[in-house]
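**Student:** Residue strings, one per chain:
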Amino acid sequence: MSYAEAANRDPAAARALDDEVVAAVGEDGLVDAAVIVAVFNGLVRSADGIGIPLDDVVLAATVDARATLGFDGYPGAANNTR
Amino acid sequence: MATFAPETFPRPVDPEILTAFDNVWDGLATPGTWWTAAERVAIVAATRTSVPLPLGEATPDPGGLSDTVGPDGLSALTREVVRRLAVDAGRITGDWAAAVVDRLGPGRYVEMVALVVQTVPVDLLCDLLGRPHQDLPAPRAGGPSQVVPGGLGQGGAFVPWAVDGWFGPNVARALSYVPDDNARRMEVVMSMYSGGQRFGEMVWHHRALSRPQVELIAARTSAINECFY
Numbered sequence: 001m002s003y004a005e006a007a008n009r010d011p012a013a014a015r016a017l018d019d020e021v022v023a024a025v026g027e028d029g030l031v032d033a034a035v036i037v038a039v040f041n042g043l044v045r046s047a048d049g050i051g052i053p054l055d056d057v058v059l060a061a062t063v064d065a066r067a068t069l070g071f072d073g074y075p076g077a078a079n080n081t082r
Numbered sequence: 001m002a003t004f005a006p007e008t009f010p011r012p013v014d015p016e017i018l019t020a021f022d023n024v025w026d027g028l029a030t031p032g033t034w035w036t037a038a039e040r041v042a043i044v045a046a047t048r049t050s051v052p053l054p055l056g057e058a059t060p061d062p063g064g065l066s067d068t069v070g071p072d073g074l075s076a077l078t079r080e081v082v083r084r085l086a087v088d089a090g091r092i093t094g095d096w097a098a099a100v101v102d103r104l105g106p107g108r109y110v111e112m113v114a115l116v117v118q119t120v121p122v123d124l125l126c127d128l129l130g131r132p133h134q135d136l137p138a139p140r141a142g143g144p145s146q147v148v149p150g151g152l153g154q155g156g157a158f159v160p161w162a163v164d165g166w167f168g169p170n171v172a173r174a175l176s177y178v179p180d181d182n183a184r185r186m187e188v189v190m191s192m193y194s195g196g197q198r199f200g201e202m203v204w205h206h207r208a209l210s211r212p213q214v215e216l217i218a219a220r221t222s223a224i225n226e227c228f229y
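If you're matching them up, the sequences are chains F and P in order.
Numbering follows my numbering, in which position 30 of the first sequence is assigned residue number 30; successive positions increment by one, without gaps.
Numbering follows my numbering, in which position 8 of the second sequence is assigned residue number 8; successive positions increment by one, without gaps.
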């Protein structure tokens, strides 16, 4: 999770964690983690740029979790619960 | 040689991902549905140089921004929309999007979103793996097709999207106003994350990280970006 945090906030600094991540999950695991951070940085921009509403089944299933974790306070929440 | 050849990366990357990146780059150089190829490449160049506004500085009102094209091939309006999408997307509101769509039209706005979301993952993966950013392609001649696909309608998003006969998650139809770019975007997503038929499987064996590890990284990335969806 430290790698995910750094990779999102400061990709260049995240590379300082490469050896530690490789030791934990191998080189392919490091690449895999980088791939997921990268693709989700595209997906979040798709969602926020287009104002994608939550799919009905997800909206209904996450009422408690969203409230508990504070997600309903995100600016994009207003775009997703109209 | 392919643009994103395996040997240009310091670590091994799945060939399916590199093929998807090649197709994105080829698409950038091709006239789009609403922008010329030169404009598409300029939008991606602006994506790369976008930075957050200084703390406390108000977001510009899209209605007040000039649509006069500057030396970089983009207007102040277009540049600000790209900036918002690239580095401040989590604070996009329905009112802001409506004002932008009113100025640009839905097609040009959706295609801008498509270009940002196709290229941010490419550049970020390069950053994380220590590969220089790929040079932007030389744009090909030709005008945009300006074809609006059939079967679009309002479905709760900021822009029209596929509604007739649609079955699937909303994220997959997000950019259906520009089908060619949406197809390239989905190729990137499928190769890097959802893997086609494997998406419904809770146990993954086809990649180095387990499904729970992948989803934890994905969830943390979404939370850092304050993405509700």
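Source of the hints: derived by calculation from the structure; they are not laboratory data.
Some hints could be false.
[Said to hold, decoys possible] Chain P regions said to be covered by chain F (calculated; three or more residues, Cβ under 8 Å):
# : region
1 : 21-34
2 : 39-51
3 : 60-74
4 : 87-99
5 : 138-144
[To be verified] Derived contacts from chain P toward chain F, CB cut-off under 10 Å, selection only:
# : residue
6 : Arg-84
7 : Gln-134
8 : Val-214
Think of the CB as a built atom: it goes at the ideal place given N, C-alpha and C, for glycine as much as any other residue.
**Student:** It remains to establish, for every hint, whether it holds in the given structure.
**Tutor:** Here is how each hint holds up against the structure:
Counting residues of the region 21-34 of chain P whose beta carbon lies closer than 8 Å to any beta carbon of chain F gives 0, which falls short of the minimum of three for the stated coverage. For the region 39-51 of chain P, the stated coverage by chain F is not satisfied: 0 residues place a CB nearer than 8 Å to a CB of that chain, which falls below the threshold of 3. Interface restraint, the region 60-74 of chain P with chain F: violated (0 residues with C-beta to C-beta distance below 8 Å; minimum three). Coverage of the region 87-99 of chain P by chain F holds in this model, with 7 residues showing a Cβ closer than 8 Å to a Cβ of that chain against a need of three.
Coverage of a stretch by a chain is defined here by at least three residues with a beta carbon nearer than 8 Å to that chain's beta carbons; for the region 138-144 of chain P and chain F the count is 0, and the condition is violated. Given the 10 Å rule on beta carbons, the hint for Arg-84/P holds: about 8 Å separates it from the nearest Cβ of chain F. Checking Gln-134/P against chain F by beta carbon gives a least distance of about 14 Å; that is not within 10 Å, so the hint is violated. For Val-214/P, the suggested interface contact is upheld, since its CB lies about 6 Å from the closest CB of chain F, less than 10 Å.
Hints 1, 2, 3, 5 and 7 from the list above are not met by this structure, while the remaining hints are.
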